Amino acid sequence: MTESQGREIAISAMDLTKRYGSGNTEVLAMRNVSMTIHSAEVVALLGPSGSGKSTFLTAVGLINPPTSGSISIRGQKVLDGESALVNLRSFRRRHIGFIFQKSNLIPFLTAIENVQVAMQLNGQAARVSRQRALELMDYLGIADRASNLPAMLSGGQQQRVAVARALANHPSVILADEPTAALDGHRGRQVMELFAKVAREQGAAVIVVTHDHRALDVFDTIYEMEDGVITKPTHSRSAVSGSSD
Amino acid sequence: MNLALKDIQHNLGRFSLTAIGIGMLLMIVMGMGGIYRGIVEDATLLVDRVDADLWVVQRETRGPFAELSRVPPSLVHRVAAVPGVQSSREFVYHTIQRERDGQPLRMAILGLDWPIDRGEWLPLSAGRPIAQGHYEMVADQSLGLRLGDQIVLGKDSYTVVGITESMISASGDGIAAFSIDDAQAVQFDTPGEAIRLERAAREARGESFELTVRQPDVLENVWKPTAELPAVARPQISAVLVKLSPASSLADIKDIIAGWGDVSVFTQEGQRELLLRGTVDRARRQIGLFRVLLTVIAAIIMALILYTLTLDKIHSIALLKLIGASNAVILGMILQQALILGCVGYAIAYLAGHQVFPVFPRRVILATGDLIQLGIVVIAISIASSFLGIWKALKVSPNEALT
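Taken in sequence, the protein lines are chains A and B. Count the first sequence with the working numbering and you get residues 1 to 245, in order. Count the second sequence with the working numbering and you get residues 1 to 403, in order.
Some hints could be false.
What the hints assert, rightly or not - Capping the alpha-carbon separation at 27 angstroms, the derived lysine-lysine pairs in DSSO-like fashion look like this:
1. Lys102(A) <-> Lys155(B)
2. Lys102(A) <-> Lys392(B)
3. Lys6(B) <-> Lys102(A)
Source of the hints: derived by calculation from the structure; they are not laboratory data. Remember, it's a predicted structure, so these values are computed and weren't measured experimentally.
Whenever a hint applies, use it, and build me the whole structure from the sequences.
Laid out in structure tokens, this is it:
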């Protein structure tokens, strides 16, 4: 965690608990989870299915508020338990970028329009958003597919478009849920390295939920979750690198 | 970027087929409104064209267009004698059905008081008004007759000397104008056998009459044509049309004539009202009901299609919400699609209608007011039909984008 010292805190999640159902059917998906992530930090969240990783990700993504606990982003408290302290949808639009296991592109928009739509929803003019979308797609190596519909792109290309969309509004936080599950090892690693690159170059905090242990050296910090709690202490990238060495 | 248009572009085939279907439905709604306007126009056309200030008809009847009206021809002279009356003329009107070339031929026969009225006021598209008291007719083009055609009605043959446009009776039959004598000859045509039987009956009645016992020569009269018998009145006419002097009072003259015990009198506006309330009112209500039903059906179909289109992109809607799209963006997308569907359907209805309506058997008149009214209704049903899709879209959770 030495790298994080002196950097701005991007996400602060305190004592997050998520409870589904009640009585005999009550399920505790997340218990007293706390996590602090700094700007430009790339975090991996590992754990078996049903361990609460996605619940944590959707809570931090302001999609599925926790039953208790609080979340602050860029120093602003946005959720106190289930109570929203800001307009969550508007806050998401301005501060959070999402990447999913499936690329989740809008099928009736071309690749560039899928990137543009995030910016236009944020009030960007069409010309400016087009320029930025082209730059991002060029940066991700898919500028030549800008006018293709998602159905005409390969899985890797679709995932890159999704990454471009997630980066479009210069988010403070990028949340990725199994982003490499549909990609081969080589492509998967490329995407993970891309996250690290984006985090460093754009200062965004990146949380990646993954099962893919082949690219863990890319991450600054690794958390593991099991039964709704973080069971292992965090590991820095140097520690992982060190152990592998 | 317009998401509604992008989605339509992506689903162009389905959207086009739906728009065509909606367009066809709206065309029927439009057409029914036009048919109603046509019925009103046809019903009042003759009253408007004839342009009489007063219609004098049989007592307690509503005039020749509503029911059978019979008044004596001498009434013309009685009416003409009323101070303030500029002119009065006979009017005969009845409907017949004959066969021509194996096809039924229905026509409304209009008697013109020749030579006072030669039918110069008829809207001729070809030929001329009638120029002689017998055996000429002016026919509406809807009857399918051409200039110079000859048609046998009763015992006589009539030549078509003029063709009119849009001279249709309230019941939708084309109008043919004859001289009054010819119109009555057609109306009261009696078969030869009936005439022989009538003459035999006259003879039988005459033989029991005291006068014929004393003057047997009188009996010879029974073999003469009816019109030549002094004791038999001329055939009755349908109405007397009155034109007033410019300075005279319509109400005063109407009151004078209405005071006679054997006739009723209507102003031109009164005759129009009778036609609209009597002949047309039921058709108006029936057509109105059909229009409402078809509009509701169009709205239901639009709602279902928009709902299906919304269901198809529910994942995209969830995703849009996830990346921060406001409800207004989602609502706007569905509402725009509904309005585009409605407007395209309306345009198809309008364009297709202009091609199809002219071949309808009855006149279809697309009045600007009706078109504007239907346009407003289409916008209203477009908005209403989008509610189901909007409701579904607003219920979608951003979480659904993650599944």
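**Restraint check for Lys6(B) with Lys102(A), where alpha carbons must lie at most 27 angstroms apart** = holds, 22 angstroms
**Asked** Under the criterion that the straight-line Cα-Cα distance not exceed 27 angstroms, is the pair Lys102(A), Lys392(B) satisfied?
**Response** holds, 24 angstroms
**Holds or violated: Lys102(A) to Lys155(B), with C-alpha atoms at most 27 angstroms apart** = Violated. Lys102(A) to Lys155(B) sits at ~90 angstroms, over the 27 angstroms cutoff.
Violated hint: 1 only; the structure is consistent with all others.
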